[in-house]
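J.: Protein chains in written order, with our numbering: chain A, 1 to 185; chain B, 1 to 997; chain C, 1 to 98.
Simulated from the structure, these hints should not be mistaken for lab results.
There are no misleading hints in this set.
Example chain B residues on the side facing chain A (calculated, C-beta under 10 Å, incomplete): (1) GLY602; (2) TRP630; (3) SER755; (4) GLU758.
Here are the computed lysine-lysine pairs in the DSSO-like style, where the Cα-Cα straight-line distance is at most 27 Å: (5) A:LYS92 x B:LYS678; (6) B:LYS884 x B:LYS901; (7) B:LYS475 x C:LYS78.
Chain B side only, calculated, beta carbon under 8 Å to chain C, not exhaustive: (8) ALA252; (9) GLN253; (10) MET255; (11) GLU739; (12) THR744; (13) PRO747; (14) ARG895.
We put the CB at the ideal spot given by N, CA and C, even for glycine.
Here are the chains, one letter per residue:
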Amino acid sequence: MADASRAHPLAGRKVANSAVTLTPAEPAARLSLRARPDGIAALSKALGVKLPAAPKTSATSKSGARVALWLGPDEWLVIDTGGGDPAADCAKATALHSAVDISHRNTAIMVEGKGAEATLSAGCPQDLSRAVFPVGACSRTILGKIEVVVWRTGETAFRVECWRSFSTYAFDFLEEAARDAAIAA
Amino acid sequence: MTAAFRTTAAGRLKGAKPVSFSFDGASYQALEGDTLASALLANGVHLMGRSFKYHRPRGVLSAGAEEPNALVGIHRDAARKTPNVRATVQEVYDGLTAVSQNRWPSLAFDVGAVNDIASPMFSAGFYYKTFMWPKAAWKSIYEPTIRASAGLGVAPDRPDPDHYASRYAHCDVLVLGGGAAGLSAALAAAETGVRVIVADEQPAVGGALRFETGSAIDGAAGWDWAQATAARLAAMDNVRVLTRTTAFGYYAQNMVGLVERVSDHLADPGHDLPRERLWQVRAKRVILATGAIERHMVFDGNDKPGVMLASAARTYLNHFGVLVGKTIGVFTASDSAYAAAIDLKQAGAAIAAIVDLRDNPAGALIDRARALGIEILSGRTVVRASGNLRVASMTVRATSGGPERTIPVDALLMSAGWTPSVHLFSQSRGKVAFDTATRRFLPGDYAQDCVSVGACNGTDTLADTVKEAIAAGEKAAKAAGAGKAAALKLKAETSESWAGGMVGAAPGAGPDTSGKAFVDFQNDVTAKDIRLAVREGMRSIEHVKRFTTNGMATDQGKTSNIHGLAIAAEALGKEMPEVGLTTFRAPYTPVTFGALIGHAKGRLFDPTRRTAFHAQEEKLGAVFEDVGQWKRAWYYPRAGEDMHAAVNRECATVRKAAGIFDASTLGKIEVVGPDAAKFMELMYTNPWEKLEPGRCRYGIMLREDGFIYDDGVVGRLAADRFHVTTTTGGAARVMNHMEDYLQTEFPHLDVWLTSISEQWAVIAVQGPKSRDIIAPLVEGIDMSDAAMPHMSVREARICGAPTRLFRMSFTGERGFEINVPADYAAAVWDAVWAQGQKHGACAYGTEAMHVLRAEKGYIIVGQDTDGTVTPQDAGLDWAVGKKKTDFVGIRGLKRPDLVAKGRKQLVGLRTKDPKVVLEEGAQIVADPKQPIPMKMLGHVTSSYWSENCGRGIALGLVAGGFERMGQTLYVPMPDKVIEVEVVGQVFFDEKGERLHG
Amino acid sequence: MLLIHCPYCEEDRPELEFRNAGEAHIARPENIAEISDEEFAQFFFIRSNPKGLIYERWRHIHGCARFFNAVRDSVSDKFLMTYKAGEKRPAVKAGEKA
Ligand SMILES: [Zn+2]
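Isolated chain A (complex conformation) (with noise of 0.2 Å):
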């Protein structure tokens, strides 16, 4: 039997204005991976990124394919956008963890252009400036009544991943946001 392809719950979806793009991710492996501190240096090198211990930060593979985010003091989401199964690469690890498949439970949009920022502030309570919020941080927040998990991937260039269910919302939001972000920097 054919592999099943998968179907994007935003397929088709599009915004670009002045200020601002919204395009849906494309898809992706994903993986929550929870572990101890002890078995941190296994794990990132089972997985070829190194799985970052300070709060709001991420770290990127060599390939620049594989991004894991540190959203809890024991807890990354690993998003793997090269091909590669990040949760079979962990269970080759033997120290402590948890790896669990969530490619198919978040999704990702992608907001970028000079009203980026903006356009997040419309929802996102936490204070997005690069000063604050500089490249490659991310966090698990709100965007309007829904929760995110926002990662900068660029001086205008944010990832926004959701659950599937609350995708529509998110796009939705974003594409309001970025109407006004186009009106008012």
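Keeping the supplied structure of chain A fixed, place chains B and C with the ligand upon it in accordance with the hints.
T.: For chains B and C with the ligand alone, coordinates are given in the frame of chain A:
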């Protein structure tokens, strides 16, 4: 055509584009930049509204946000009708349509004005006293009548078509107010490089410099300096300048709510612009530069159209180029009114006289007025302003009494001095302090990281204000972490003076006088009303306020509070601070609901969650029901079917062939770690250690008090890995409950929890043909009964996708639940559906699911339980591990009340007439003939028509239910009494053979 | 909206990310199955609900997801300090009262 009262002698609108607008149906010309008030005044229109209680004719009092009188309706189109807009704030745009309020049939002739004639009836406390008796009349007569005549303006009757934006913002220094003080502070802070936001409620910055033409800063005229400074600030990367933006609320930890009016001033806002934008600003430091509000004089007739604040008349002249009259009187206790008289005289108006309460006013301004030939009547008071729809004269006498002199005027300017605007300071929980020398309240103890500068801080001269503001700006920047220091110096010069002032009623409006000397214009509260409140026994200003409604109108007493307090204090023979100052509360000025709601309307009101199968279900014609935020397929009607028929067919088909059901919304938690089983033992009543990998168990979760909290099937995937399911509604709280115990009570356990609710979409395939349907799609496992019995779980592949395949049942039939990663869900559904068609299967919805589970007596937590039901009560005692020494709820279950006899227990209810379907929630009694109120034994929790049983079936919680098997009980309904027999919970396939067959 | 310092994120974060979780330092008895009705009532039902300093649990539910403890003044709403779950109840001097 130039409007009659527009002058070329002053004003900043010269050369502005003419626009036209209408007021109460009449068309007028205005200039771009006018407010509705300035435009009406330019056309000689002073009558703009009627007061709330007495329907007295009113004009403008002010030129700003404090306006209590000139409230109008603005009608943009059928859906955009905004009541109670202050004409002094609304900017005119081409085509603006305004209507007056609180009058019938017209503004000039208002029948309601009879209230004014009958006003002795309507004194303070009138409502409290008059409508006390007879009590029965309150509901039928008084309340409806009062409600009909209450309320100001008419609320729009259509949904708001506008959209509103919102923004969280963060800065180092937030400056509230863009006058000389605010701009100086903002500039000083901004030059250090820190992030600054400065907000001002007017269309342009400037504050008092709008009318104070005698001030110069940095060598430029005050107004010009303000505009240049705002432009300079706006050009800086670290600064945001917001105009038309009101700081309406000061909340904890320096969070300030701002509302920016984005498009109310535009003729054609277009579709993209929001009407308003809410800014929730978090600032490290806040600088309050909110200025001061001029007080009116309290004397008889002070509310006549044409009687206004001196600063307002000066604003209309110096900013808008509008003369508020031709023959103008001035009544003051403050120097600042002289400047108004001087400016108006120089612009060509006649100044009838300046009446000054002070015996010997002195200073440069007084000298200049005298030099211009203006008559100054010092030591005098205005006892009365007369006129019908417009002031026609003022009557003057010595403050000590004596003969009266009536002077014709067509406008009367007043100034009792200036009240520092401490509203936001007070909202920040700061404590105001009374300054005895100047008889005003000033910021005292601060509760937050903020500072007041300029007029709101009682700093009266421009030079001091600028100096104080610069210092505050630099200090705030430094405190917020500025790396460098600014060395801002601004030279400020002024010929203005705010010296003088008084509080309370003017001489001539004392306790022994008649006439209406208004304190609060909007609520029609007079000096007499306040004295009456004191006579009636009110001692605190909070009581006086509620008795008289002084300060309780939409303007929140911006002009009236201090006068009211002073009059009450005088009547009580106390100092003002002893009587107290009422609390300032947010919002500073009214805020639309739209601004507060922001984006959260329509599709963004609440998230709508759809499962990965939603499109498939829509294609099959599903009718959806809301389950929390989820849209769930409720039933699938075919042509000609109503809900009843569809559900009957779906229920029958499941038991005859098979049904396909979307079970994705159930919560799912992956419990992983070497101590996973140990943790499960603690969280559920059941034993887990011995559950083999690959097997499932129905689990019950209790709260510590012993009551059922949630339930669900749990599969053990490996020694250290469980796949836990929860109820749909319980998904989030069960996760929180488990995390709570894991993190705070059992942190020693090596186990982690991950929500996988949305990782896996779930297709339930239930019915005798279920295995036949899915077996061809599944790879890698043996699905025979021997290899995969009821309550087992396998990891395999289906249609090329990974699956966690559960053999389980919520219908009592052989059944499977296919968990598949959500992005593959649609493809797998299509394949299952195609297979199902070969075997006569149908899709079934949540209604059929409910019926099928009720036929089997399976409970739904939250429907058959209500937070007071134990496993024993629900007949689930078998699921409680008797040998266990600990689990959450183990002790609660032993509480005396929980083991007592006579508890409500879940039983089946069979109606004697099989055609009858009970109502859920209906009460159950033993004897329907007993007197009301009857003794209730319990209630019906679930009730359906069961096509498979050919009768109505029901579950209910009944006191001592298990011991009542076979008893006849009664369900009294409004039109009949229904007889029921207490039976077991299971109505169909009591032996449970179909699970395996 | 309050700012709350999360001891795990080591940062002040907006209140919207948090959820209150009731009074702190009420440990579940290890021998819970054996305690008396009175002891159970004390453990499960009775809370101090003081006016003034209150020790309470919060969860940074929409952040790092950790439960932690806080000392707060129930009159002014002000947080005096926050600390990690499992740490000892800190003594807060009256002078520090917000
Ligand atoms: Zn945190």
